[in-house]
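K.L.:
The lines below spell out each chain.
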Amino acid sequence: MNIYNILVAFDSSKPSFEAVEYTARMIRSIPDVLVTLLFIERLPDKDLFETEALWRTECLDLTTEYKRTLNKAHELFARNEIHENSVNQEYIVSCSSPFEGAKVCATGESIAKDIITIQKEGNHGTIVIGRRGISKEEEFLFGSVSVDLLRQCTGCALWIVNSAEQ
Amino acid sequence: MDTRAYDILAEYLPDFPRRHAGRIVTDTTDFMSIDYGDVIFLDGIHYLVTKNLSERRFGLEDPKYWVKRCKELETGIQRIIKLEFYESFEVSIGKLNSTCYRSPRKESRILAMTEGDKRFMQGRTVMDEMGNCVRILDIIYGTELDIVLDRLTMSHEEYFNTVFPDYFAQFIGAVRAIEHLHHNHEQHGDIRRDHLLIESSTRDWRWIDFDYTFGLRENPFALDLFGLGSILLLLVGQREITAQQLAVVKNSPVGSPAITKEDMALAMPYRLANIQKKYPYIPDALNNICMHFSAKNSVFYSSVAEFVSALVTCFNELPVFKAARGRYPEV
Chain A
1 MNIYNILVAF DSSKPSFEAV EYTARMIRSI PDVLVTLLFI ERLPDKDLFE
51 TEALWRTECL DLTTEYKRTL NKAHELFARN EIHENSVNQE YIVSCSSPFE
101 GAKVCATGES IAKDIITIQK EGNHGTIVIG RRGISKEEEF LFGSVSVDLL
151 RQCTGCALWI VNSAEQ
Chain B
1 MDTRAYDILA EYLPDFPRRH AGRIVTDTTD FMSIDYGDVI FLDGIHYLVT
51 KNLSERRFGL EDPKYWVKRC KELETGIQRI IKLEFYESFE VSIGKLNSTC
101 YRSPRKESRI LAMTEGDKRF MQGRTVMDEM GNCVRILDII YGTELDIVLD
151 RLTMSHEEYF NTVFPDYFAQ FIGAVRAIEH LHHNHEQHGD IRRDHLLIES
201 STRDWRWIDF DYTFGLRENP FALDLFGLGS ILLLLVGQRE ITAQQLAVVK
251 NSPVGSPAIT KEDMALAMPY RLANIQKKYP YIPDALNNIC MHFSAKNSVF
301 YSSVAEFVSA LVTCFNELPV FKAARGRYPE V
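For the protein sequence lines, the chains are A and B, in the order given.
Residues 1 to 166 (the working numbering) are what the first sequence spells out, left to right.
Residues 1 to 331 (the working numbering) are what the second sequence spells out, left to right.
What the hints contain is simulated information worked out from the structure, not anything from laboratory work.
Honestly, I wouldn't trust all of these hints.
Said to hold, decoys possible - Here chain B is said to cover these stretches of chain A; the calculated rule only asks that three of the stretch's residues, wherever they fall, bring their Cβ under 8 Å from a Cβ of chain B:
(1) 33-46
(2) 100-111
Stated by the list, open to error - Calculated pairs, PhoX-like style, for lysine-lysine (alpha carbon to alpha carbon, straight line, at most 25 Å):
(3) A:K136 to B:K296
(4) B:K95 to A:K136
(5) A:K136 to B:K277
(6) B:K51 to B:K71
(7) A:K136 to B:K261
Backbone N, C-alpha and C fix where the C-beta goes; we use that ideal spot for every residue, glycine too.
Bound conformation, chain A alone (with noise of 0.2 Å):
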């Protein structure tokens, strides 16, 4: 396992951003550093829409935000003087989006098992999550990706990185 190939789980939230900063500060030093910037997409469930077309619309608005926010992460690393070809994308599509049909897809059930794959998949030495800092109440009853992995994730170096907002 290759502790300098890293995967940092990006989710559009302000912790995965801090979490995509203190990754790029933490290696801008480092050569033959690879760095995996991974997006798993979580799409709202057909369910909760009245008409197809309401639910198309939301994924749509969605899946431009998750892109554009995932580039702009993207962007951190070269900010930081990290070399564009130590830097991959990979975007999960999600298993019930209405516009891509991929081979590997999310099925949204938890986050924390497909990062764990996708390291597994990828060899990648660490993992990086950032965590906004929830109470016992909201872990318990919403769970926290951050705190799965800590329980679940066993072959490779993890780390957290707490948002200065809490």
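Here the structure of chain A is known, so what remains is to put chain B in place on it, guided by the hints.
P.N.:
Coordinates of chain B only, in the frame set by chain A:
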């Protein structure tokens, strides 16, 4: 088609008062206007509307105009008909808020998936002439779990040793039913004590109402698990044990050990989770499961499968369940 319901009612229900005969309805979009005496015509069958159903909340009747009690004219069987209604609203769980959605499509899917599985309410979906998703449900003649518990007049100790072991076995079956939904990538969405009915004729425990759903979250099944935990606390305690009741106990001459915030339920600080503190004869293994839903806990069950495994271990090992193990070998 005749839009008045006189003739069809005269044919099947000659005694039905003519003055109350309404319309024959084939488009259910405007469900508020469909009322007593109207006949909904769906998939070749006539359903006489006898009333709008209500939900019991905090002692108040909350009318649900999209849910009609009906008589199927061709067979005389009573049905519940749920008409298409989408809505979203904020629900509060303790200090947290979350957006909840009502989705007829989700309920239809679960009805189809659980067809023939008596752990769930049964019914079928038909589309009206406008393509509205209408669910025609079999009525479960039974009583909500909380009402059944509330009617018991015995002491907790007697309840715990006589009634509770059988209820615990039935609860494990009900939890396995939810596990089955999760295994099939579905969630119940509204697990509450009054959405679990004990059928009068069979004594089976059956889940009802699957049309709630929630938005994106890391663990889409966590809210179901939370609901199951709340029902477990109710079952073990025989009824909800509140902070207010505990204050009374505390002031009594024979007080229980000091109760702290950590003994209360997570996200519901007014409810006791550490039930052993009120009833010391609750075995540790069972109380430990309850404590997974307390404010003290920091490692939660990650799935309903994990929760059911803990319940089954308790059932198989604790002396209080010895007789029930013989009556419920399937557990």
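K.L.:
If a hint holds in the structure, say so; if it does not, say that too.
P.N.:
Do the hints match the structure? See the list:
1. Here the segment 33-46 of chain A counts 4 residues with a CB under 8 Å from a CB of chain B, which clears the bar of 3, and the coverage holds.
2. Figure legend: the segment 100-111 of chain A, annotated as covered by chain B; annotation consistent (5 residues with Cβ-Cβ distances under 8 Å, at least 3 required).
3. Note on K136 of chain A and K296 of chain B: the hinted pairing holds, with a Cα-Cα distance of about 10 Å set against a maximum of 25 Å.
4. Note on K95 of chain B and K136 of chain A: the hinted pairing holds, with a Cα-Cα distance of about 12 Å set against a maximum of 25 Å.
5. Our distance criterion of 25 Å between C-alpha atoms is met by K136 of chain A and K277 of chain B, whose separation comes to about 23 Å.
6. Proposed proximity of K51 of chain B and K71 of chain B is supported: the alpha carbons are some 10 Å apart, at most 25 Å.
7. Distance check on the hinted pair: K136 of chain A and K261 of chain B sit about 14 Å apart at the alpha-carbon level, within 25 Å; holds.
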